[in-house]
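Protein chains in written order, with my numbering: chain A, 1 to 351; chain D, 352 to 579.
No lab work stands behind these hints, which were simulated from the structure alone. Certain hints may be false.
For lysine to aspartate or glutamate, the following DMTMM-like pairs were computed, each having C-alpha atoms within a straight-line distance of at most 25 Å [unchecked claim]:
#1 A/K102 with D/E472
#2 A/K94 with A/D64
#3 A/K176 with A/D58
#4 A/K131 with D/E569
#5 D/K392 with A/D51
#6 D/K391 with A/E74
#7 D/K396 with D/D487
#8 A/K131 with D/E472
#9 A/K131 with D/E468
#10 D/K391 with A/D51
Computed beta-carbon distance windows for the label pairs [said to hold, decoys possible]:
#11 D/L376 with A/D164: 43 to 53 Å
#12 A/L113 with D/S561: 44 to 54 Å
#13 A/P72 with D/L409: 32 to 42 Å
#14 A/S115 with D/S561: 48 to 58 Å
Over the 12 Å line for every Cβ pair with chain D, so calculated as not near, a few chain A residues [as the list claims (entries may be wrong)]:
#15 G100
#16 D165
#17 T275
Using N, Cα and C, we set each Cβ at its ideal position, and we do this for glycine too.
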Amino acid sequence: MELRVAAQKQFGTFFLDMDFTIEGRRIGLFGPSGSGKSTLVSLVAGLHHPDRGLILIDGEPIFDSGQAVNVPPEHRRISMVFQRPHLFPHLSVKGNLLYGYKRCAPKDRKITLDSLLEVLQIGHLLGRGVKNLSGGEKQRIAIGRAVLSNPRMLVMDEPLSALDDNLKFQIIPFLKSACEAFAIPYLFISHSLTEMRIMTDRVLSVAAGRVVGQMTAEQLARNSMGDSSVGYKNLLRLMAPRRIDGMYAYRWGDGELLISGGAGLQETLYELSATDIILFKRHPEAISARNLLKCRVGEMFEAGDRIGIGLECGSDKLVAVVVREAVRDLEIKKGMEIYAAVKATAFRQLG
Amino acid sequence: MPVFSHSDYLAILLSLRIAVVATILSLPFGFAVAYLMTYKKFRGKVALDVIVNLPLTLPPVVIGYLLLLLLGQNGYIGKWVLQPLGVKLIFTWKAAVIATAVVGFPLMVRSIRTGMETIDERLIQASRTLGAGWFDTVITVILPLSIRGLLAGSILMFARGLGEFGATIIVAGNIPGVTQTIPLAIYEYVSSPKGDVMAMALCLVSITISVAVLIFHEWLGRRMVRAD
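Pulled out of the complex, with its shape left as it was, chain A reads as follows (with noise of 0.2 Å):
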């Protein structure tokens, strides 16, 4: 998917003035609140109309005010999910699914009831009233609901930022595979770091109404290192745990990860701190971490004040942040050989 804005939008005080074109069938819409995000989807869901400007997507303009072509949000075949599920409640969970399939096309109906609630589970949910649903149920059925009216693109507004974090990350996983598995392109816009690099590939940064980059979710993270109060979290997702005296062990790189916590579950996505890597020059002696292991140093990069190490563990890889002294003592270079160790009770659970 390919998608033009160059826009322009007066909205009060606030003026948003994009020129971008970005491609891909996961991208990502990051920047601070008040940054313009949700304006900018509102324009291309056709909820809102710019002053002047044209919005393209594949090559086929939604909105060109040279042209006087404005196409309205029901022809867009753009559907939203937004921060909180706004389901319809004067209807059932299954008249919100089929609100939007009832006015699909039928030569665009490519995803069927059956196969939306296998995919998201919540065959279950059926016959019930959406106010008799959990907070996670709702946003299931506020998800199937935008997927089963078969969109050519998703536009998912910050849909995560209103759960806890037990329920962001038991919903992450069929967020990500309705849109893999009906292959929907999808426009995922949020604040946090870590949904970003889980969700997309490519993420437009913004701020104060402008374009400020594009870069990988990946790239995204690493340039926030140095002025994020929260730095730079791995993101590890773990498969087929052992259990060793009360902690958890992982096959990860060339040995295993223990990890002390967690619900041993066959797939869990877990944080690891950056800066919760300690490194050494030589293998210790005797250390309490759990984990040491042996690295490579793949890259060495700016993260503010601080220097971030890529580590190549095997097939694995790590990203450890030092300050600038620890660089000059240890003297590591790229390419050595470097030990790293990691407390077992040092990861957090995701989901």
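Assemble chain D onto chain A, guided by the hints.
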């Protein structure tokens, strides 16, 4: 024990009939005006708001007189629209329906508007992005979610219609069995010697209907809260 005459029964039935017809006729217009006032931006919105609400503040007699000027034989509508069509409204029960509709209209619009204003805008946006055009959205989202406002407005207007007097007497007169409603019959009894008992009896009928309407309104409200 007072005994109602035939014309008294007709007055009770006519009151109910006029209030019901005026309410039903006003519903689509009330919904349309409430929709415009809630969702649309247009020039003259304030003027429309003032015109719609004017009957709330004007004396009903003034409204009746203006309607008489408009719908009468020499009025704009009477002369150019009604006469060519062969329709005579003044001094018929239909004129009473129009008077009742005009007087109660702002109450209906206000109730529907209050209901519409509580509808989450995101629901409307969701509907549009799911492929529903604006009219489809009005029918499948806004209308069902305005149902409370519509019911409250209808009940309010019906109750107001039962008590309509000033505008009705000007445009429909006070003809027993033809245009005489409960308030007009009470007025006639009060004006005549020894009519006090019958006036009081019709007052009791009026109170009974009003209490029944209010109880129905309350019951409906509670049922809807339970359904939520």
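Structure-based check of each hint:
1. A/K102 with D/E472: holds (22 Å)
2. A/K94 with A/D64: violated (37 Å)
3. A/K176 with A/D58: Judged against 25 Å, a Cα distance of about 22 Å means the pair holds.
4. A/K131 with D/E569: Holds: A/K131 and D/E569 sit about 23 Å apart, inside 25 Å.
5. D/K392 with A/D51: The given pair, whose Cα atoms are some 17 Å apart, holds under the 25 Å limit.
6. D/K391 with A/E74: It holds: about 18 Å lies between the C-alpha atoms, which stays within 25 Å.
7. D/K396 with D/D487: holds (24 Å)
8. A/K131 with D/E472: Holds, because 19 Å separates the two Cα atoms, which is no more than 25 Å.
9. A/K131 with D/E468: The hint holds at about 21 Å.
10. D/K391 with A/D51: Given pair D/K391, A/D51 holds - Cα atoms ~19 Å apart, limit 25 Å.
11. D/L376 with A/D164: 43 to 53 Å: holds (51 Å)
12. A/L113 with D/S561: 44 to 54 Å: holds (50 Å)
13. A/P72 with D/L409: 32 to 42 Å: holds (41 Å)
14. A/S115 with D/S561: 48 to 58 Å: holds (57 Å)
15. G100: Non-interface label fails for A/G100: nearest chain D Cβ at 3 Å, not farther than 12 Å.
16. D165: For A/D165, whose nearest Cβ neighbour in chain D is about 24 Å away, the distance exceeds 12 Å, so it holds.
17. T275: A/T275 is indeed farther than 12 Å from all Cβ atoms of chain D, at 39 Å.
Comparing the model with each numbered hint stated earlier shows that hints 2 and 15 do not hold.
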